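Colleague: Mind docking these for me? Both chains are given alone in their own frames, and the hints should help you get the complex.
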Amino acid sequence: MFIKKVKIHNFKCYRDFEIQLNEGLNIVVGDNEAGKSTILEAINLVLTGIISGKSVWNEISQYIFNKDVVDEYISSLSAIPMAPPAITIEVFWGGNETPIMNGDENSDRDNDAEGFCFKISFNEKYAVEYEALIQQGDVKSLPIEYYEITWTTFARDPITTRSIPYKSCFIDSSEYRYQSGNDLYLSRIIKGSLEPEDITSIAQAHRRMRDVFINDPSIEGINNKINQDASLTDKKIALSVELGTKNAWENSLVTQLDEIPFHYVGKGEQCVVKTELALAKRSSQKAGIILLEEPENHLSHSRLNQLIKCISDKYAEKQLLISTHSSFVANKLGLGKVILLNDHRIIRFSQLSEETYNFFKKIAGYDTLRMILCKKAILCEGDSDELVIQKAYMQLNDGRLPIEDGIEVITVGVSFLRFLEIAECIGTKIAVVTDNDGDMDAIKKKYEKYIGMNAKEHIKICVDNVVDTGMLKIGISDYNYNTLEPKLLKENSLDKLNRIFGTNYAKEDDLRKYMKHNKTECGLKIFESTEQIAIPEYILEAIRW
Amino acid sequence: MVNRLIIAAAGSGKTTYLVRQALQQSDSVLITTFTIANETEIRNKFLELNGCVPHNVTIQTWYSFLLQHGVRPFQGVVLKDKINGMILVNEKSGKKYDGKYGPVYYSEEEYKEFYFTDGMKMYSDKIAKFVCRCENETNGRVSKRISRIYSKIYIDEVQDLAGYDLDIIKSLLQTDSDVTMVGDPRQVTYHTHNEAKYKQYADGKIEEFIRAKCKKTNCKIDKETLNDSYRNNQSICSYSSCLYKEYDETGTKQFHVTGHDGIFLVRPKDIDLYLKEYKPMQLREKRTVTVNNEYPVINMGESKGLTYDRVLIYPTKSMKSWMEDQAKELKPRTRSQLYVAITRARYSVGIVFDYDEKTIIEGAKKYR
Numbered sequence: 001m002f003i004k005k006v007k008i009h010n011f012k013c014y015r016d017f018e019i020q021l022n023e024g025l026n027i028v029v030g031d032n033e034a035g036k037s038t039i040l041e042a043i044n045l046v047l048t049g050i051i052s053g054k055s056v057w058n059e060i061s062q063y064i065f066n067k068d069v070v071d072e073y074i075s076s077l078s079a080i081p082m083a084p085p086a087i088t089i090e091v092f093w094g095g096n097e098t099p100i101m102n103g104d105e106n107s108d109r110d111n112d113a114e115g116f117c118f119k120i121s122f123n124e125k126y127a128v129e130y131e132a133l134i135q136q137g138d139v140k141s142l143p144i145e146y147y148e149i150t151w152t153t154f155a156r157d158p159i160t161t162r163s164i165p166y167k168s169c170f171i172d173s174s175e176y177r178y179q180s181g182n183d184l185y186l187s188r189i190i191k192g193s194l195e196p197e198d199i200t201s202i203a204q205a206h207r208r209m210r211d212v213f214i215n216d217p218s219i220e221g222i223n224n225k226i227n228q229d230a231s232l233t234d235k236k237i238a239l240s241v242e243l244g245t246k247n248a249w250e251n252s253l254v255t256q257l258d259e260i261p262f263h264y265v266g267k268g269e270q271c272v273v274k275t276e277l278a279l280a281k282r283s284s285q286k287a288g289i290i291l292l293e294e295p296e297n298h299l300s301h302s303r304l305n306q307l308i309k310c311i312s313d314k315y316a317e318k319q320l321l322i323s324t325h326s327s328f329v330a331n332k333l334g335l336g337k338v339i340l341l342n343d344h345r346i347i348r349f350s351q352l353s354e355e356t357y358n359f360f361k362k363i364a365g366y367d368t369l370r371m372i373l374c375k376k377a378i379l380c381e382g383d384s385d386e387l388v389i390q391k392a393y394m395q396l397n398d399g400r401l402p403i404e405d406g407i408e409v410i411t412v413g414v415s416f417l418r419f420l421e422i423a424e425c426i427g428t429k430i431a432v433v434t435d436n437d438g439d440m441d442a443i444k445k446k447y448e449k450y451i452g453m454n455a456k457e458h459i460k461i462c463v464d465n466v467v468d469t470g471m472l473k474i475g476i477s478d479y480n481y482n483t484l485e486p487k488l489l490k491e492n493s494l495d496k497l498n499r500i501f502g503t504n505y506a507k508e509d510d511l512r513k514y515m516k517h518n519k520t521e522c523g524l525k526i527f528e529s530t531e532q533i534a535i536p537e538y539i540l541e542a543i544r545w
Numbered sequence: 001m002v003n004r005l006i007i008a009a010a011g012s013g014k015t016t017y018l019v020r021q022a023l024q025q026s027d028s029v030l031i032t033t034f035t036i037a038n039e040t041e042i043r044n045k046f047l048e049l050n051g052c053v054p055h056n057v058t059i060q061t062w063y064s065f066l067l068q069h070g071v072r073p074f075q076g077v078v079l080k081d082k083i084n085g086m087i088l089v090n091e092k093s094g095k096k097y098d099g100k101y102g103p104v105y106y107s108e109e110e111y112k113e114f115y116f117t118d119g120m121k122m123y124s125d126k127i128a129k130f131v132c133r134c135e136n137e138t139n140g141r142v143s144k145r146i147s148r149i150y151s152k153i154y155i156d157e158v159q160d161l162a163g164y165d166l167d168i169i170k171s172l173l174q175t176d177s178d179v180t181m182v183g184d185p186r187q188v189t190y191h192t193h194n195e196a197k198y199k200q201y202a203d204g205k206i207e208e209f210i211r212a213k214c215k216k217t218n219c220k221i222d223k224e225t226l227n228d229s230y231r232n233n234q235s236i237c238s239y240s241s242c243l244y245k246e247y248d249e250t251g252t253k254q255f256h257v258t259g260h261d262g263i264f265l266v267r268p269k270d271i272d273l274y275l276k277e278y279k280p281m282q283l284r285e286k287r288t289v290t291v292n293n294e295y296p297v298i299n300m301g302e303s304k305g306l307t308y309d310r311v312l313i314y315p316t317k318s319m320k321s322w323m324e325d326q327a328k329e330l331k332p333r334t335r336s337q338l339y340v341a342i343t344r345a346r347y348s349v350g351i352v353f354d355y356d357e358k359t360i361i362e363g364a365k366k367y368r
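Taken in order, these protein sequences are the chains called A and B.
According to our numbering, the first sequence holds residues 1 to 545 in order.
According to our numbering, the second sequence holds residues 1 to 368 in order.
Note that these hints are calculated values from the structure, not bench results.
Only a predicted model underlies this, so the values are computations on that prediction, with no experimental measurement involved.
By construction, the Cβ of each residue, glycine as well, lies at the ideal position given by its N, Cα and C atoms.
Check each hint, because a few of them may be wrong.
So, partial list: chain A residues that the calculated Cβ filter (under 10 Å) puts toward chain B [said to hold, decoys possible]:
| # | residue |
| --- | --- |
| 1 | Asn96 |
| 2 | Ile100 |
| 3 | Gly103 |
| 4 | Asn111 |
Isolated chain B, as found in the complex (with noise of 0.2 Å):
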């Protein structure tokens, strides 16, 4: 077993290195991540390097490889009835009736409603706990298995697997696979996780795990291959670095100039000028922010791995007030938000901000 953990900075390339890497195998190869618009990029990128996806090479959603290779085999261990796959949750599930303090949930002993609708479709959330359970109660067959199907496992987005999830890692960690894990710790935009199990490492803190539960497991964590942005350019790049100082600062391989580069303060009463004269897209915390209907718009949550020229962020009071003052507090979801935000752009950052002349934001510019 070749094991690694591999920092990726924003826009590095990550998708295409990982394709590049799964094509030099003859071996059976696993591709696994976390969101479905992910799969759907690794897919294309397959096409456009190779101009089909390999038959030694499986991709697949976390939630569809956990069902099939981490659930069906060996299920029997819980329950015979047959599965009808799953169903997304975004809160805790398995809710038994609202009591007098809060919601009352059914215990793992009613194992049927626990983990199950009554179509007998499995929660989201509770499939690792299910997947951990067969491996414990099989004596680790589940990951055996797996091991034995692919001898490759690649896992991308790694920071977004939290909770038990961890857990099935640290299982593959121990077998005969090479397992390679690629994920930008500052890009967990979101977590339908609601585990309580390993609250210490959620919110991205994958290599913490790596170092603390898998020592045995011989993982090398690598913070070089993957640090060098191809999206962003310089300013950008240290812009963003700004966001997570315990990290290096990102590389950049960009070097395009267009006479509007960097990161750019814009006045709101200058905003439709702005977007007249870059038209970039805008990005917004929610739907509820006011922004200028006719330009694009798109929700900071969702622009995660898209690319564009220019951006212009409408950022959120906490946003703001760090910006005036980094060493400010900044919650791990809303840093992460912005973090996504401003490393969409290629050539030019604009950030919303009201400013006078004696307002200094640190790595930014005025617009006007």
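Same shape as in the complex, but just chain A (with noise of 0.2 Å):
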């Protein structure tokens, strides 16, 4: 079994909001301030009734609410009153193995759904009270004294956490843990790894532990002591060990990497290992989903690759949710299991196709996020592009740099069809800036899915459509007239470019010949130059639209 879908309404950002997950591997994309970890929270709550790190009856408030609902409803009061709001996830398992959560009460009326639906909503026991504080008026915040909170399944059977038969492990890096003590998500995680007999043998130890230490001779001696001296009292005292709940060794067991308590362990270790755990091979009908939350966090790149090795090595059984703003991460993990998350909404790449999944997989270093999550990107060849593109962006837009206004400029060598192809997916404003090597008829070619006929509206293929041409040669082979050096010596004099690069040839053959072969040299010198330089009208072009 797995979940298939996920349906949140009212809780924080999102108030109506659905996400479709694959079986195994999802990464969730999205900018800062998208939603991507409220996902993984609200999966976890469900599943495990614990919201940053605590139960969720301590933790009910108005912040988990969504703000616009809330405030929506305290307005009202002063007018027609709404009912108060309610938070209500709903989670759709798939692989039809679970019959017995078949029903007809979930918000999609579809009687073939299995699954459950968990609610933050006003006790109905309540109405009595909660009618005196609406005729009282100044209600100022949600009557959440008021409220319940409920796991039912589609055939409205209640529910606790406890009968669900799917686990999530959630992972993350944030600061929210008990400084003291167990970790309470890596105790879960080691419980979840182990078979019911194990926990039984641990807590059997745990008991002995506890009666060899009320026996010894010490605590029996010290324990008579105490009695001597307290004498107001005629019931005995006695020092002892807390007999506490059935699970009383988690609370007071310490797990260790090598011998250091695992929470003085480095953050990006205790990642890792919580990871590998998670992922290991345990007993039979315990699935569930592992929630990773920018695992990229803390870790150096090479632990990293490490970490994406083992999960997409052995994650076959298990879902992951895993969100992320690393590139390398989405790529190597497969960009056909991205879920980008712009705007709370939903956009997938499932029609790339296999070949530039696998570009991508192999060649993990490229920057698709940053694509990907901008507002406009601009696709060049090389560095020396990259630079004249941003002078170029920089003097028509009063020095800011592309980045500052939300755009990207990426060096993308060869591969701008394989670029290209995820643009198509995402339908951001995508413009290519490339040479046309002295052959038109070529660009045309290759270019024929996204000019024309074809012209897609998000994007534009900029190419200087002037094929010069000249006598030099280097070595036996003939000079390309059609890049941008030669282009830029165009539009500007030898003079000036001399001036820039700081040289002094006679002939322009000279200086593209330098140019040629110093082309980073020479566009970080037009970059940092405070000279105004003449743009080809194909970058341009680019940068205006």
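Modeller: Take a look at the structure:
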């Protein structure tokens, strides 16, 4: 079984939100504040009853409700009062393995749906108190003291998190951890990887340890002493160990890594260990989801690489939901698994071709997410192109860098078409700045899916339509007059470029040779120059668009 | 689907058999029965034989099963409101008002009043009808869902199901689950059903229903497996079998001899003496029957499922006339009551009956 769909209503930033999940791996990508963590939090909440590391019963507050809804409710009270808002989170199972949760009590009105609904809602038992409260007026916040929390299957059967046959394991790097004592999540994870009989053995060993302690002669002696001193009461006073609950061991045992208590180990290492434990193959019936929040935090590149490898090798039987900012993580685990969160809406990459997935998987360094997350991207071939485009942008926009306006200039080498395939899925504005390399027909062929009849509204191919020619040869082959450098020379004079580069070539061909062999150097000089540079029209076109 | 209806004689170890069967299953098992008393007995039998109820076994009363799996999953076809459980009714529910010619009831179109109390509790006599409605309006999803949850379904005391219950049984028989029904048509002691539906199959005519209406479900009818009594000795078995000649005579596996074994007529004037000598459990039709209150007593209707070494029955008038002439008409309910009363005892059944030297009652001896 797996989570097929989650519907979130009135929880934090989500008013009405629906996300479909794959059976195995899912990667949620989105800008800061896009609501990535809220999705993970919501899933963890409904499966465990825990939010921000604490039981949800103690954590109900107005702040976990959607702000707009709360505002609407409060302001409605002075006019026509709305009913107190409720948080609803529905989980739909995939796999047809949970007939007991099959029923029509779901917001899809689907008779075949299997799942359950988590609700934080007004408890009708308090109707009288609530009525009094409303009549008094002066309600400034949600009356959460009259709220209740319920889990109900689609078959209208009340359940507890214990009876949900699907566990969640939330691995995040945030700080709301109990600083003292055991890590709640870690002990959950370790417990999850044990068989019931193992857990019983631990509990029994713990009990024996306690008995040994109480019966130790020195403790007995001390207890006698205490009793002699305490004369004002005739009750027996004794030092003992808390009998506690059946899971007392969870609170008094500490997990160690190389003899260091777990919470003293670095955050990055904690993340790796937790993930590995969570992924470990474990006993029969316990299916579950692993929620991994921004694994790139606290991890070096090579450690991240190991973690990702561990994930992609072992996730097979588990459902995984990873939130990330890192292109590396996304590329490596597969762009096909990416769920892009934009403005609380969802975009997927399911229609990418196999080769493109594999390409980005192998060459995972590409900044695919930069393109995915920006407002507009300009794709170019090399570093020198990028520098010139940045310069051009600044000249046109009062010295602002494109990134300051949410525009990314991305060097993609020869992989334009791979990036364009992604661009087609996401609908972000993408301009391609490319050389014509002296063969306009080849360019037209290469980009045929994006020009003329097939032009896409959000994709623009910018190329110089003029094919320049000349006699210069480099070695035995012809010099390419149709790259950025010769085009720059065409727009600006020999003198001006000599001045900018600090060179002193008498002939244009010599400068051409110099520029060809020092592309990045020249690009930097142009970028840093205080002079106004004339920019070829096809580049300006990409910027103005 | 392997479906079976097992006709069980009184004291044949029905519960033990059922629990043993269930313990052999590794799939998920549902055991459902009509009364809470019998549900408890099944639970206790599990404790006795296995120490606990295995995790793959669910035991529920018929009503609780219907509410959870019949009503709630697809109640949306009728209404969305929360249903707050059910209320047991002993007569037709949903009375609108008392009319000139008797009570007037809500029609099914007024579904809230028809099915529910003001507090949204469902009337027990309407649950099965509601379930059938859900089943029909969801194209059989109710039974399909149940079948996906439980691959083995055991229905105990099946003779107590009637009316729309029978349609539910029919639906279950058509699913992939293996359904085993066990019951004794001779022990229909009461009905909370006043449903006009399937009137012809009331009073324990479950076998006839299966034969007539469930031909395609391939349900086998087994009258051998549970036809021997571990409780009653041979004379008790023989005498009780006289009440239902259409069934084979019950055999016995109880051979203990006590010196006072079989059926005995006890004159009213000998009652105290008899009670003193043998300490039988007194069985009466209802509270208004005079008994010796110094000795324990129980109503026949409540004795179902219980076992005593000896009983003393205070028969009704019609029971007495049946004893005198077994060809005499006896109402199904009374016949069943007498059958239950007789089959409570291991060794001896005393029947209060005034006799003289000339009296001859077939199958019974005289106490003095």
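Colleague: Given Ile100(A) as an interface hint, is the shortest Cβ-Cβ distance to chain B below 10 Å?
Modeller: 5 Å, holds
Colleague: Against chain B, is Asn96(A) within 10 Å by beta-carbon distance?
Modeller: Holds, because the Cβ-Cβ distance from Asn96(A) to chain B comes to roughly 8 Å (cut-off 10 Å).
Colleague: Have a go at the Asn111(A) hint: is there a Cβ in chain B nearer than 10 Å to its own Cβ?
Modeller: 6 Å, holds
Colleague: Can the hint on Gly103(A) be confirmed by a CB-to-CB distance to chain B that is less than 10 Å?
Modeller: 4 Å, holds
Checked against the numbered hints listed earlier, the structure breaks none of them; every hint is satisfied.
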